[in-house]
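There are 2 protein chains.
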Amino acid sequence: MKEFDLINRFFKNRGHQRKDVIMGIGDDAAITKIPNKQCLAVTTDTLVNGVHFLPETPAEAVAYKAVAVNLSDLAAMGAEPAWISLSLSLPSTDAVWLDDFTKGLFELSQYYSVQLIGGDTVRGTLAVTITAQGFVPIDSALTRSGAKPGDWIYVTGTLGDAGAGLEILKGELQASSEDAEYLIHRHQYPSPRVLAGTALRRSASACIDISDGLLADIQHILDNSECGALINVEKLPISDPLNRVVSTDQAIDLALAAGDDYELIFTVAEDYKSKVETAFTSFNVNATCIGQITGATGKIDLRCNDKPFAHSGQRGYQHFDAS
Amino acid sequence: MKEFDLINRFFKNRGHQRKDVIMGIGDDAAITKIPNKQCLAVTTDTLVNGVHFLPETPAEAVAYKAVAVNLSDLAAMGAEPAWISLSLSLPSTDAVWLDDFTKGLFELSQYYSVQLIGGDTVRGTLAVTITAQGFVPIDSALTRSGAKPGDWIYVTGTLGDAGAGLEILKGELQASSEDAEYLIHRHQYPSPRVLAGTALRRSASACIDISDGLLADIQHILDNSECGALINVEKLPISDPLNRVVSTDQAIDLALAAGDDYELIFTVAEDYKSKVETAFTSFNVNATCIGQITGATGKIDLRCNDKPFAHSGQRGYQHFDAS
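From first to last, the protein sequence lines are chains A and B.
According to the working numbering, the first sequence is numbered sequentially starting from 29.
According to the working numbering, the second sequence is numbered sequentially starting from 29.
Since copy identity is lost for identical chains, a pair holds within one copy or between any two.
No more than 27 Å apart at the CA atoms, straight line, and that leaves these computed lysine-lysine pairs for DSS-like:
#1 Lys-47 x Lys-65
#2 Lys-47 x Lys-61
#3 Lys-327 x Lys-30
#4 Lys-176 x Lys-263
#5 Lys-40 x Lys-327
Treat the hints as calculated values from the structure; they're not laboratory data.
Pulled out of the complex, with its shape left as it was, chain A reads as follows (with noise of 0.2 Å):
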């Protein structure tokens, strides 16, 4: 199948298709407007085959997971998303994985009302880019460094379920067939949180989305920031088929470390605590507490019930430990 082809037939005028995009697939370049008074968030995230997903992965799986990882960046800046463009590259065209791909693609990008506006697809290992685009209200991003001492730290939905579904994948861990399908689908079709982002836009001090395990996402926030936190494991939110299959101690490990949730962690003053409660309860995600900002620069003071909490696990994924 020559490129051409492959795009008419698997990506153009697919999906939802927004009244701000003058020129979508078809041309040298996208053409969008923005709307008055808005900023553009930018991100970009690339999944790599054998890398980033396990090589059995479905392709509705990578595909999803492609979009959805790049929205939790959107949803960790306050922006509401509106475009993507896709690299795929692709060892040969396979028909059914195609459509399997498109399938989690637009699945994705339909909920939340984003357009494919573009992209290229070249011959090469299995690894999908994607550049996601959104908008957000001038002087409105979250950002990594507004943290102060004394600000209240949230996290949304529950932590360490992706990885645990990742052990699952790969043996090392046993459950149930109904817990596994859980936490397989928290690894592979992660919820971005798109609501909640927008919905903090004038209430968090900081936020970030954690996909490296929250130690290493909350340490992004805390060295912007300039500041420490205080938090507390056993107030870590973690999900009833995880209890299920694992100990607490594993389970907390898990949270802390495993990264690939894609839950937000952000930080509030005590002046907004109650209002962004509120506000989480009008939606359908939970927040939780799970500690505080404190004044000891960069560092993290694990407890549990009060007490220091030993944790020994490494510290999030590193993408080039060797070299």
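Since the structure of chain A is provided, determine the placement of chain B on it from the hints.
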């Protein structure tokens, strides 16, 4: 080297810094502003080692070309480039290679006042994906669909040089060291016709850049504009070095089909012909009239000194010719 160290050392706060970038590298997404009454032009291109460039290509040239082909797409829309995002897939972190790579990346982006605003670095086979963004005034984008019978067909610069440069690199063509240097440089360091593209905004009826070859690329204009083309091959602009290293017939073949030139093909209505020619004399890019749009939908009529010309070569590079 860890990913964050790699980004901090080689990419963060380097190259041109723009005032419209509110937040560049270092958060979950970049935040930028676009000017009033401007649309956004967005394009993505990926270069894969061994597919889009020879394995021994200098890192500087890989980066330069990856930026150039994207800026060329923006130029073909009449857009002024502003920001690029980079996804870099590397088998390992090689500081010498990365130094050379960033030299090429920042040289070209600095020249066009373009800022690197984000991206991703992953472990994998060597591949470079760039998403480039730029501005074009509302209703001013150059498309493939506006050509009309009678419009004149122009190309910028000279054609076929890049194809000859590739043949020299592959040992398939001999040339003096001076000519070889020129032609290889044209292959490895293409010049995106940014100024030409913006100058054509209100004058050209259609425009595309030549990546796959003149015949393959003009065909997109013909298909989208529902018209045909008469091309006078004796008028194709051929550089002196190319004329010295190949026969006239070979030069025409390269000009028609080799691709990788990243010159612009554009069409101009009779009423705008003198305006365009005057404009092009004011900056240092040649534009040559090579033929005229016809009513023979989808058909290309090649003539040499008014006689039919048979072109036996392949029509442009096909990215997925086998499956």
